[in-house]
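Residues 1 to 146 (the working numbering) are what the sequence shown spells out, left to right.
Hints may be right or wrong, so weigh each one.
[Unchecked claim] Restraint-style ranges between C-beta atoms, simulated for each label pair:
| id | residue 1 | residue 2 | range |
| --- | --- | --- | --- |
| 1 | Thr-67 | Lys-128 | 30 to 38 Å |
| 2 | Ser-142 | Pro-99 | 52 to 60 Å |
| 3 | Lys-13 | Thr-45 | 53 to 61 Å |
| 4 | Ser-142 | Thr-111 | 25 to 33 Å |
| 5 | Gly-55 | Val-140 | 21 to 29 Å |
| 6 | Asp-53 | Gln-138 | 25 to 33 Å |
[Said to hold, decoys possible] Straight line, CA to CA, 30 Å or less: simulated DSSO-like cross-link-like pairs of lysine-lysine:
| id | residue 1 | residue 2 |
| --- | --- | --- |
| 7 | Lys-112 | Lys-128 |
| 8 | Lys-128 | Lys-86 |
| 9 | Lys-128 | Lys-139 |
| 10 | Lys-128 | Lys-90 |
| 11 | Lys-112 | Lys-134 |
| 12 | Lys-72 | Lys-112 |
| 13 | Lys-130 | Lys-86 |
| 14 | Lys-139 | Lys-72 |
| 15 | Lys-112 | Lys-139 |
| 16 | Lys-13 | Lys-72 |
| 17 | Lys-72 | Lys-86 |
Worth flagging that the hints you see were computed from the coordinates, not collected in a lab. Positions of the beta carbon are idealized from the N, C-alpha and C atoms, including for glycine.
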Amino acid sequence: MKFYYQFCFRYWKLAFAGVLMTAVLLIGCSQKTSAPETSQMTSLTGTIVEIDDHGNAVTDLEIAPFTERGWKLGDTLEATFATGDKIQIKFVENYGDVPVGDYLGRFSTSTKQFKLAINMGNISETLKLKNQSKVVLQKVESPSTN
1 MKFYYQFCFR YWKLAFAGVL MTAVLLIGCS QKTSAPETSQ MTSLTGTIVE IDDHGNAVTD
61 LEIAPFTERG WKLGDTLEAT FATGDKIQIK FVENYGDVPV GDYLGRFSTS TKQFKLAINM
121 GNISETLKLK NQSKVVLQKV ESPSTN
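Based on the sequences and whatever the hints tell you, model everything.
This is the structure in structure tokens:
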């Protein structure tokens with residue numbers, strides 16, 4: 001009889017361990033995964049909050065969403081405006097980082113807001129941009145060199 005109880009107890013422990021492992025796996029698998037949503041992580045929407053004295057379009061965008069997406073200085077971005085216009089801009093630190101007449105995007109050193117501009121030009125007049133209009137930015141992937 002002692003052997004029978006030891007035998008049952010041993011299998012009871014195995015069964016309990018199996019149930020416990022299954023529960024842990026089910027709970028772990030039922031948790032929402034933290035995979036980024038690609039549609040939200042590939043584009044960034046902002047609003048033009050000001051046209052400054054030089055005709056630059058100042059947006060409400062700050063640096064955090066850029067770094068979250070892995071965007072960095074030197075990247076080429078596509079800007080799509082509420083007017084339907086699409087342009088490619090270079091994400092730079094200074095206006096002089098692009099040739100005269102080229103589109104650029106940079107963060108203001110004083111307000112820390114993202115500005116869209118033309119080097120030595122007036123982007124608001126060129127594209128007929130207005131306050132409170134939307135702009136969508138998306139990184140332009142460079143072709144891979146395999």
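Right, here's what the structure says about each hint:
| no. | hint | verdict |
| --- | --- | --- |
| 1 | Thr-67 <-> Lys-128: 30 to 38 Å | holds (31 Å) |
| 2 | Ser-142 <-> Pro-99: 52 to 60 Å | violated (19 Å) |
| 3 | Lys-13 <-> Thr-45: 53 to 61 Å | holds (57 Å) |
| 4 | Ser-142 <-> Thr-111: 25 to 33 Å | holds (30 Å) |
| 5 | Gly-55 <-> Val-140: 21 to 29 Å | holds (24 Å) |
| 6 | Asp-53 <-> Gln-138: 25 to 33 Å | holds (29 Å) |
| 7 | Lys-112 <-> Lys-128 | holds (24 Å) |
| 8 | Lys-128 <-> Lys-86 | holds (13 Å) |
| 9 | Lys-128 <-> Lys-139 | holds (23 Å) |
| 10 | Lys-128 <-> Lys-90 | holds (20 Å) |
| 11 | Lys-112 <-> Lys-134 | holds (19 Å) |
| 12 | Lys-72 <-> Lys-112 | holds (15 Å) |
| 13 | Lys-130 <-> Lys-86 | holds (15 Å) |
| 14 | Lys-139 <-> Lys-72 | holds (10 Å) |
| 15 | Lys-112 <-> Lys-139 | holds (20 Å) |
| 16 | Lys-13 <-> Lys-72 | violated (56 Å) |
| 17 | Lys-72 <-> Lys-86 | holds (20 Å) |
Violated hints, listed in ascending order, are 2, 16; each of the other numbered hints is respected by the structure.
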